[in-house]
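Asker: Generate coordinates for the entire structure from the input sequences, incorporating the hints supplied.
Protein chains: 2
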Amino acid sequence: MSFVTYTNKVNIGVLGTGDVGKQLSKAFLTEGNPTMIGTRDVNKAEVVAFKTANPAISIGTFEETVKFADIVVLAVGGAIAQELVKSLASVLSGKVVIDAVNPITPGVPPKKFALQYFTEKNSSLMELLIEAAPEAHFVKAFNSVGNGLMYKPQLSERASMIVCGDSDEAKKSVQPLIEAFGWDFFDVGASTLAGPVEALCPLWCAIAFKTGKFNDFAFKIVTK
Amino acid sequence: MSFVTYTNKVNIGVLGTGDVGKQLSKAFLTEGNPTMIGTRDVNKAEVVAFKTANPAISIGTFEETVKFADIVVLAVGGAIAQELVKSLASVLSGKVVIDAVNPITPGVPPKKFALQYFTEKNSSLMELLIEAAPEAHFVKAFNSVGNGLMYKPQLSERASMIVCGDSDEAKKSVQPLIEAFGWDFFDVGASTLAGPVEALCPLWCAIAFKTGKFNDFAFKIVTK
Numbered sequence: 523m524s525f526v527t528y529t530n531k532v533n534i535g536v537l538g539t540g541d542v543g544k545q546l547s548k549a550f551l552t553e554g555n556p557t558m559i560g561t562r563d564v565n566k567a568e569v570v571a572f573k574t575a576n577p578a579i580s581i582g583t584f585e586e587t588v589k590f591a592d593i594v595v596l597a598v599g600g601a602i603a604q605e606l607v608k609s610l611a612s613v614l615s616g617k618v619v620i621d622a623v624n625p626i627t628p629g630v631p632p633k634k635f636a637l638q639y640f641t642e643k644n645s646s647l648m649e650l651l652i653e654a655a656p657e658a659h660f661v662k663a664f665n666s667v668g669n670g671l672m673y674k675p676q677l678s679e680r681a682s683m684i685v686c687g688d689s690d691e692a693k694k695s696v697q698p699l700i701e702a703f704g705w706d707f708f709d710v711g712a713s714t715l716a717g718p719v720e721a722l723c724p725l726w727c728a729i730a731f732k733t734g735k736f737n738d739f740a741f742k743i744v745t746k
Numbered sequence: 523m524s525f526v527t528y529t530n531k532v533n534i535g536v537l538g539t540g541d542v543g544k545q546l547s548k549a550f551l552t553e554g555n556p557t558m559i560g561t562r563d564v565n566k567a568e569v570v571a572f573k574t575a576n577p578a579i580s581i582g583t584f585e586e587t588v589k590f591a592d593i594v595v596l597a598v599g600g601a602i603a604q605e606l607v608k609s610l611a612s613v614l615s616g617k618v619v620i621d622a623v624n625p626i627t628p629g630v631p632p633k634k635f636a637l638q639y640f641t642e643k644n645s646s647l648m649e650l651l652i653e654a655a656p657e658a659h660f661v662k663a664f665n666s667v668g669n670g671l672m673y674k675p676q677l678s679e680r681a682s683m684i685v686c687g688d689s690d691e692a693k694k695s696v697q698p699l700i701e702a703f704g705w706d707f708f709d710v711g712a713s714t715l716a717g718p719v720e721a722l723c724p725l726w727c728a729i730a731f732k733t734g735k736f737n738d739f740a741f742k743i744v745t746k
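Residue numbers (this note's numbering), protein chains in the order written: chain A, 523 to 746; chain B, 523 to 746.
Note that these hints are calculated values from the structure, not bench results. For clarity, every value in this text was computed on a predicted model and none was experimentally measured. Heads up, some of the hints might be wrong.
Stated by the list, open to error - Derived lysine-lysine pairs resembling DSBU-like cross-links, with alpha carbons at most 30 angstroms apart:
no., chain 1, residue 1, chain 2, residue 2
1, B, K643, A, K643
2, A, K633, A, K531
3, B, K633, A, K694
4, B, K608, B, K589
Stated by the list, open to error - Covered by chain B, per the in silico footprint, the following chain A stretches (three or more residues, Cβ under 8 angstroms):
no., stretch
5, 578-591
6, 637-644
Glycine included, each C-beta is placed from N, C-alpha and C at the ideal position.
Answerer: Dropping the structure here:
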């Protein structure tokens, strides 16, 4: 396979039409990338409304969207991510996948503002996704802040997008894209770090739930 | 009980004579607080050497140290913390305890730089400690950076000490102390957030292990 080098804009395929999928697909389009958003049902009223409001974004099935994409963005619910990725494993083979998903247990409310996860100790959703599609190149990113902050966050200073993944080339291929979105790119290492990276989401959400402010906080790695 | 209000310097009792215990006890003494460090064996060569090098720091048993302290600092190994706290539950009753400990599984090496934890999903060592001494007031702090950064870290900007705990008064009582150590105090909420706060340690350690730099990184919450 060849990794994206950004001599040209790349095709982005966003899987999932929730708030994160909508926000990221609009952002990628704004940055000049041909963008397709993938959904289980292209005729769903919500999807049709989104297409009407954003005519330059293509709509496709999940499989069409993966095939279209140079870089796939996974933005479905955590609970269905593993099964979906498994079903798409053959088309995902060799693709770079930005994994923006967190393992939030459906139907279980936060416990004093703490989101409850379904992942076991020393594991992560990202590692389950790698098992489900071992030939895709996952990069965990955009999982640690709310969707309102993902693109050009308006904060007092530049924050860090904390990423991890097993392919250095895949991480390199998404770095310029994350930087273009207004973030410092901070690679903490392999997919074994995905558990701690996914734990940033409940931390961020606790702050947002507690303060009622969903666009006001992000993490930064301060350096020497 | 009455919480500390900092009209006067308070007695600090540090449990544990490892790197974190030594570092924090010296820092509290530097800040003008009468400080005792607690150990299982006051005659251990390493403890005697520390006492010789730091004559102004008192040495005591764990129990003596808790009794001496207005604020207790727990800095023992994660694997023994629960049992120790349980054995001290009666003397810890009503005390504010800064919990600087992480649930690192002894004897299990990091997995591609990722520390392995013994805590179950949606749980934390802090919550186990609360079960072990339900009448103590735990505040999670100092667990997310290496000991070389805990006191007046030399970084490009002020970083955030991310804390949590169930007693707002206990958190308030340690806030000035953490601020005096050179940190922004950032309270994320209840002890249900301790798992995500404890996950900051493997994240920090992965950066330190990967770069070989143990005094160069800390977390900050960037705001609007």
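Asker: State for each hint whether it applies.
Answerer: Each hint tested on the structure:
1. Pair hint K643 (chain B) plus K643 (chain A) holds up; C-alpha atoms about 5 angstroms apart against a cutoff of 30 angstroms.
2. With a C-alpha separation of about 43 angstroms, the suggested pairing of K633 (chain A) with K531 (chain A) is violated against the 30 angstroms cut-off.
3. With a C-alpha separation of about 22 angstroms, the suggested pair K633 (chain B) and K694 (chain A) falls inside the 30 angstroms cut-off, and the hint holds.
4. Among the hinted pairs, K608 (chain B) with K589 (chain B) is consistent with the structure: their alpha-carbon atoms are about 15 angstroms apart, no more than 30 angstroms.
5. Counting residues of the stretch 578-591 of chain A whose CB lies closer than 8 angstroms to any CB of chain B gives 0, which falls below the minimum of 3, so the coverage claim is violated.
6. With 7 residues having a beta carbon nearer than 8 angstroms to a beta carbon of chain B, the stretch 637-644 of chain A meets the requirement of three or more and the stated coverage holds.
Checked against the numbered hints listed earlier, the structure breaks hints 2, 5; every other hint is satisfied.
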